[in-house]
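Residue numbers (my numbering), protein chains in the order written: chain A, 1 to 388; chain B, 1001 to 1145.
Among these hints, one or two may not hold up.
[Claimed, not checked] Not everything, but these chain B residues come out facing chain A in the computed CB check (under 7 Å):
#1 1075
#2 1077
#3 1078
#4 1079
#5 1085
#6 1087
#7 1104
#8 1108
#9 1109
#10 1118
Think of the hints as simulated: they come from the structure by calculation, not from any bench.
Since this is a predicted model, take the numbers as computed values, not measurements.
Quick reminder that beta carbons are idealized off the backbone N, C-alpha and C, glycines included.
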Amino acid sequence: MKRVSVIGIGNTRYGVIKDRSFLDLAVEAGKKAMADAGITTDEVEAFYLGNYAGSDFINQNHLAPYVGAALRLRRDIPCTHIENACASGGSAVREGILAIGSGTAGKVLVIGIEKMNTVPTPKVTEFLAKAGDWEHEVKVGYTFPSAFAMMARRHMHQYGTTREHLAAVTVKNHTNALKNPDAQMQKLVSMEQILNDNRVVADPLRLYDCSLITDGASAVILADKGTARNLSRKPVDIIGFAQANDSFALYQKDDLTRFDATVEAANMAFQMAGVKREDVDVAEVHDCFTIAEIIAIEDLGFVPKGEGGPATLDGLTSLNGKFAVNPSGGLKAKGHPVGATGVGQIVEIVEQLRGEAGDRQVKDAEIGLTHNLGGSGATCVVHILARC
Amino acid sequence: MSEKASTKSGGYEKPLPEFRPETKPYWDACKKHEFSLPRCKKCGKVFFYPRALCPVCMSQDLELIKASGKAKVWTFAIHHMGPTPAYKGEPPYVVAIVETQEGVKMMTNIVGCKPEDVRIGMAVEVVFDDVTPEVTLPKFKPIGK
Ligand SMILES: CC(C)(COP(=O)(O)OP(=O)(O)OC[C@H]1O[C@@H](n2cnc3c(N)ncnc32)[C@H](O)[C@@H]1OP(=O)(O)O)[C@@H](O)C(=O)NCCC(=O)NCCS
Chain A
1 MKRVSVIGIG NTRYGVIKDR SFLDLAVEAG KKAMADAGIT TDEVEAFYLG
51 NYAGSDFINQ NHLAPYVGAA LRLRRDIPCT HIENACASGG SAVREGILAI
101 GSGTAGKVLV IGIEKMNTVP TPKVTEFLAK AGDWEHEVKV GYTFPSAFAM
151 MARRHMHQYG TTREHLAAVT VKNHTNALKN PDAQMQKLVS MEQILNDNRV
201 VADPLRLYDC SLITDGASAV ILADKGTARN LSRKPVDIIG FAQANDSFAL
251 YQKDDLTRFD ATVEAANMAF QMAGVKREDV DVAEVHDCFT IAEIIAIEDL
301 GFVPKGEGGP ATLDGLTSLN GKFAVNPSGG LKAKGHPVGA TGVGQIVEIV
351 EQLRGEAGDR QVKDAEIGLT HNLGGSGATC VVHILARC
Chain B
1001 MSEKASTKSG GYEKPLPEFR PETKPYWDAC KKHEFSLPRC KKCGKVFFYP
1051 RALCPVCMSQ DLELIKASGK AKVWTFAIHH MGPTPAYKGE PPYVVAIVET
1101 QEGVKMMTNI VGCKPEDVRI GMAVEVVFDD VTPEVTLPKF KPIGK
């Protein structure tokens, strides 16, 4: 397969965005990515849209041509919507890579987007819960906070993970987000503040363990490496990528402290990339809840099983630690516009590998990884990128 | 064809199970306060949830067996902030995964004790909640409570 490069990136601000429609957000991110790549709309030969629940949040289906038309894309190209819950963005990027690899498209636009602040929080929770098993989980009062609370409780039970370990993820990610002008959360929070905050969402998880309800869009332009070399921007190569799946419902899993889909996707992506875990300088991982980041760094093979909490508390994953995790602020503090997240992760890693991440730049970053999880882990997409 | 159990009865507003040909016998047993689990007559697998094909061997030759109703709490969460609209006013409530003596896991609620008294490994038994005239839901409570 042809090697694929990221030649352009674009983000909207992430946050509660009242003055932009779904289409305005998508167009803004898409146009920024094209401008960054130095290409015109007419050069885009395929378009993939990652979105989770436009049909719920904005009552709109047939979303890819909806956005494609607003962008005035060429008529002779495919516009395709990818839905894989919170991994919709990562899966959309993967489809873009395959379109180039197959030779059917030269340059591909991928946009991830979600506009979530259109309904009150309980309704958001209900829409998100549809990524779980409606009939056998959601009907008994299950939600995503309770799903990850149940995993956290098992992780605490099996490995002695503590609230302090969880809080260390929050402190780090809020600190990083403060250096990211696009991040939703611009507020430092101390370990003490978190441990004394008693706003319980789903025990053992509290307010500061949760990601945010976010509006936002992210976009990338992909091209084959040959084309990329002739463009003005410094391309970043995608050297490994993989997607895997797992039991759909949480109660059907054998072990709640591990995501098999992450383990499988990571193994395949590392094999394809031909690099080792210790070669990775920076990673954007799916911290939809604090426990998810701890499990992610274990599943990805960065730390041994059960040591994700202590490693985070020890600063291993902070901006100037051994390998930086979620320099953008992650889902916790940059925000989690569900369908945008997987694309936004790629945008962050490309900025890091180009050396353009400003105050949150990870020094000499050469290899980066993204980890995007869907539902209670039934989908996982991993990408490994390298500066060339 | 699916027959939705009445949602009007008694002001119960949470989502109700759908009665379909393959699920109706399970719900009928619950209504009689009998806890049953589907079993494949061909390969012997006991499983949850009720369905038309065995999840292991795909056989359609299935039966419902009377189950012990005894289980252990595998994990749980106590819901406070931000439940779905259907569960408004309900918190704190416990969502748990229990493993029954027959070795199947299911998502359920733990009732009959204070949420903070629930523990991993706690022995629980089925208790039936007649939520509408047509629908009875199985939940679990600590044994001896
Ligand atoms: C945790 C949650 C329920 C809070 O929502 P809410 O009760 O509507 O909270 P509000 O928006 O009213 O915010 C109340 C305060 O808490 C803050 N806040 C809200 N969510 C926060 C979070 N996740 N972390 C830290 N602070 C948060 C707000 O900024 C606000 O602060 P202020 O009083 O200083 O202005 C909601 O953010 C949530 O459901 N998050 C998880 C989203 C999710 O499940 N995503 C998918 C994952 S798979």
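Starting from the hint list further up, note which numbers the structure goes against and sort them upward. 7, 10
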